[in-house]
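Protein chains: 2
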Amino acid sequence: MDAERRIRALGFSERDAKTLADHFLDAERRGKRGHGLSRVGWLASLPDLEPSARPERVTDRPGFQRWHGRGALGYLTLDAICAAQIAEPPDDARLVVADRCFPTGMLGYWARRVAEGGLVVVLTATSPPRLGHPAGGPKVAGTNPLAIGIPSKTSAPLVSDVSMGQVTYGDVIAGVASEDELVPFGGPQAHKAFALAVALQLLVDALVSEPGYGAVMFVARPQADPLPRLRELAHGVRLPGDS
Amino acid sequence: MDAERRIRALGFSERDAKTLADHFLDAERRGKRGHGLSRVGWLASLPDLEPSARPERVTDRPGFQRWHGRGALGYLTLDAICAAQIAEPPDDARLVVADRCFPTGMLGYWARRVAEGGLVVVLTATSPPRLGHPAGGPKVAGTNPLAIGIPSKTSAPLVSDVSMGQVTYGDVIAGVASEDELVPFGGPQAHKAFALAVALQLLVDALVSEPGYGAVMFVARPQADPLPRLRELAHGVRLPGDS
Numbered sequence: 001m002d003a004e005r006r007i008r009a010l011g012f013s014e015r016d017a018k019t020l021a022d023h024f025l026d027a028e029r030r031g032k033r034g035h036g037l038s039r040v041g042w043l044a045s046l047p048d049l050e051p052s053a054r055p056e057r058v059t060d061r062p063g064f065q066r067w068h069g070r071g072a073l074g075y076l077t078l079d080a081i082c083a084a085q086i087a088e089p090p091d092d093a094r095l096v097v098a099d100r101c102f103p104t105g106m107l108g109y110w111a112r113r114v115a116e117g118g119l120v121v122v123l124t125a126t127s128p129p130r131l132g133h134p135a136g137g138p139k140v141a142g143t144n145p146l147a148i149g150i151p152s153k154t155s156a157p158l159v160s161d162v163s164m165g166q167v168t169y170g171d172v173i174a175g176v177a178s179e180d181e182l183v184p185f186g187g188p189q190a191h192k193a194f195a196l197a198v199a200l201q202l203l204v205d206a207l208v209s210e211p212g213y214g215a216v217m218f219v220a221r222p223q224a225d226p227l228p229r230l231r232e233l234a235h236g237v238r239l240p241g242d243s
Numbered sequence: 001m002d003a004e005r006r007i008r009a010l011g012f013s014e015r016d017a018k019t020l021a022d023h024f025l026d027a028e029r030r031g032k033r034g035h036g037l038s039r040v041g042w043l044a045s046l047p048d049l050e051p052s053a054r055p056e057r058v059t060d061r062p063g064f065q066r067w068h069g070r071g072a073l074g075y076l077t078l079d080a081i082c083a084a085q086i087a088e089p090p091d092d093a094r095l096v097v098a099d100r101c102f103p104t105g106m107l108g109y110w111a112r113r114v115a116e117g118g119l120v121v122v123l124t125a126t127s128p129p130r131l132g133h134p135a136g137g138p139k140v141a142g143t144n145p146l147a148i149g150i151p152s153k154t155s156a157p158l159v160s161d162v163s164m165g166q167v168t169y170g171d172v173i174a175g176v177a178s179e180d181e182l183v184p185f186g187g188p189q190a191h192k193a194f195a196l197a198v199a200l201q202l203l204v205d206a207l208v209s210e211p212g213y214g215a216v217m218f219v220a221r222p223q224a225d226p227l228p229r230l231r232e233l234a235h236g237v238r239l240p241g242d243s
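Line by line, the protein sequences give chains A and B. All residue numbers for the first sequence refer to the numbering used here, where the first residue is 1 and numbers rise by one. All residue numbers for the second sequence refer to the numbering used here, where the first residue is 1 and numbers rise by one.
FYI, nobody ran anything at the bench for these hints, they're computed from the structure. Careful, some of the hints might be misleading.
Identical copies look the same in the list; a pair holds intra-copy or inter-copy alike.
Calculated pairs, SDA-like style, for lysine to any residue (alpha carbon to alpha carbon, straight line, at most 20 Å) [what the hints assert, rightly or not]:
| no. | residue 1 | residue 2 |
| --- | --- | --- |
| 1 | K139 | R238 |
| 2 | K139 | P103 |
| 3 | K153 | S209 |
| 4 | K153 | E210 |
| 5 | K139 | L239 |
| 6 | K32 | R15 |
| 7 | K153 | P222 |
| 8 | K18 | A84 |
| 9 | K139 | R66 |
| 10 | K32 | P188 |
| 11 | K139 | R113 |
| 12 | K139 | P228 |
| 13 | K139 | S45 |
| 14 | K139 | L230 |
| 15 | K139 | V237 |
| 16 | K18 | W42 |
| 17 | K32 | I173 |
| 18 | K32 | S155 |
| 19 | K139 | H235 |
| 20 | K153 | P89 |
| 21 | K139 | A234 |
| 22 | K153 | D225 |
| 23 | K139 | L233 |
| 24 | K153 | P211 |
| 25 | K139 | D60 |
| 26 | K18 | R238 |
Use the sequences and the hints to build the structure in full.
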């Protein structure tokens, strides 16, 4: 298909091109154009694109893994991390820290995949500073989304994916929002989204082993299956991530 | 002091009364009246108060602990959990699940304590369903705050503590807000706070081993000390948790 061919032409392997195209096409289907096909041209514009780079798992201990992008795109690093969590789930829980993991796209996409693999997952990732305090001042935090995925034995997982920006930078790239609108969400309570963005920024920055944009994922084996009861309680109300 | 004496009179030990009074007085100092001294009378009104109950650590494996309130107040369960994390930090990271842990007060208070003990911490806890979808429908999630604490070698930690409600239930108890105002925060983007509240609800509900309100804490050893640079970058802007 066209997207894959265009990505292949940038020098990516067939497999990596498919991984990237799948992500961009899923974004288009979900109406998240900022994370969609507009990213192909954006990739082509990156001065330091290394299409043959491979992420590496540098530490693997009970309850903890550290990965390093080694120049690979964040999408491909998260793809490898998700596959590893599903292939070898933790006995109880695991913290996964990804050094040099950028760009990462829609975090909900990766959370959905891990949750479909049967694990509870929490994922965040940093990006260039684009949010400042609602009262003004310098931009100190990325839009730093927080994605949470909850598996269920009887239905699709619940996936929540909340960016702390009122719009995404992807929306700005896609031309559907202006840079001025890129402020913490929440209007009169935007200090809450700002607090989350700053704290998630520092969470990642405190756990990576070298400065740079990174990702932090927690995975755990579920003990219970609370989603069916919640859906019943919600009585048809649309829940996060439902299409 | 008066608060402690009143709590002692409910049957709590001297130590537990001090733990509870410290929490309520800190809330008053921070202007979070809903979590402050109004809670003493509220405790007295609880039909199933068990002042001599003690929380128990039921599982302790590398990277994972499970605790059970065993009838103790959530404040006292979190107090014991915080002390245990600081006394025996994980080699890398640890997930702590607290079954039957309610009420928990200001989560930022516990996050601050763990961060002052040198650990990165993320904490959430569930409470009775009080938030519904911004478009209407049944209440399906608690206000489920998310607290994040980041230690620093050179300054006080950064502590972010964000409730997903526009007001807290504590504010309602304290009479400073009405129950109608207890909706997801964010105005036109309240679906974001709703998504976070629902996902945090399920995160806890999927990890506890018996139904009931619980708490989930992640702790990890920091690899870096990013807070001084962030404060520099923020150039005097007030950061989350600063007084």
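Evaluated hints:
Taking identical chains as interchangeable, the C-alpha atoms of K139 and R238 lie at most 20 Å apart only when they sit on different chains, with a minimum of 13 Å there against 34 Å within one chain. Proximity of K139 to P103 under the C-alpha cut-off of 20 Å is restricted to the intra-copy arrangement: shortest distance 19 Å within a copy versus 36 Å between copies. For a Cα distance limit of 20 Å, the shortest separation of K153 from S209 across copies, 16 Å, qualifies, whereas the shortest one inside one copy, 37 Å, does not. For the identical chains of this complex, K153 and E210 are inter-copy neighbours only, at 17 Å across copies versus 39 Å inside a copy, given an alpha-carbon limit of 20 Å.
Within a single copy, K139 and L239 get their C-alpha atoms only as close as 32 Å, which misses the 20 Å cut-off; across copies the closest is 12 Å, which meets it. When the C-alpha separation of K32 and R15 is checked against a cutoff of 20 Å, the pair qualifies neither within a copy, at 23 Å, nor between copies, at 53 Å. In this assembly of identical chains, the alpha carbons of K153 and P222 lie at most 20 Å apart only when taken from the same copy (10 Å versus 35 Å across copies). In this assembly of identical chains, K18 and A84 lie within 20 Å of each other by CA distance solely inside one copy; the values are 18 Å within and 46 Å between copies.
In this assembly of identical chains, K139 and R66 lie within 20 Å of each other by CA distance neither inside one copy nor across copies; the values are 28 Å within and 39 Å between. When the C-alpha separation of K32 and P188 is checked against a cutoff of 20 Å, the pair qualifies only between copies, where the shortest distance is 18 Å, while the shortest distance within a copy is 25 Å. For the identical chains of this complex, K139 and R113 are neighbours neither inside a copy (32 Å) nor across copies (28 Å), given an alpha-carbon limit of 20 Å. For the homomeric pair K139 and P228, the shortest alpha-carbon distance between copies (16 Å) is at most 20 Å, but the shortest distance inside one copy (41 Å) is not.
In this assembly of identical chains, the alpha carbons of K139 and S45 never lie at most 20 Å apart, being 24 Å within a copy and 47 Å across copies at closest. In this assembly of identical chains, the alpha carbons of K139 and L230 lie at most 20 Å apart only when taken from different copies (10 Å versus 38 Å within one copy). In the homo-oligomer, the alpha carbons of K139 and V237 lie at most 20 Å apart only across protomers (10 Å), although the nearest pairing inside one protomer, at 36 Å, exceeds that limit. In this assembly of identical chains, K18 and W42 lie within 20 Å of each other by CA distance solely inside one copy; the values are 17 Å within and 58 Å between copies.
Within a single copy, K32 and I173 get their C-alpha atoms as close as 12 Å, which meets the 20 Å cut-off; across copies the closest is 40 Å, which misses it. With identical chains, the CA atoms of K32 and S155 are never at most 20 Å apart, being 24 Å at best within one copy and 40 Å at best between copies. Only between protomers do K139 and H235 lie at most 20 Å apart by alpha-carbon distance; the minimum there is 10 Å, versus 41 Å within a single protomer. In this homomeric assembly, K153 and P89 come within 20 Å of each other (Cα to Cα) only inside a single copy, at 17 Å, whereas the closest approach across copies is 34 Å.
With identical chains, the CA atoms of K139 and A234 are at most 20 Å apart between copies only, with a shortest distance of 8 Å across copies and 38 Å within one. Within a single copy, K153 and D225 get their C-alpha atoms as close as 7 Å, which meets the 20 Å cut-off; across copies the closest is 41 Å, which misses it. Proximity of K139 to L233 under the C-alpha cut-off of 20 Å is restricted to the inter-copy arrangement: shortest distance 8 Å between copies versus 40 Å within a copy. In this assembly of identical chains, K153 and P211 lie within 20 Å of each other by CA distance solely across copies; the values are 17 Å between and 39 Å within a copy.
In this homomeric assembly, K139 and D60 never come within 20 Å of each other (Cα to Cα): the closest approach is 35 Å inside a single copy and 41 Å across copies. Taking the shortest alpha-carbon separations for K18 and R238, neither the intra-copy value of 31 Å nor the inter-copy value of 44 Å comes in at or below 20 Å.
Going down the numbered hints, you'll see the structure goes against 6, 9, 11, 13, 18, 25 and 26, while the others check out.
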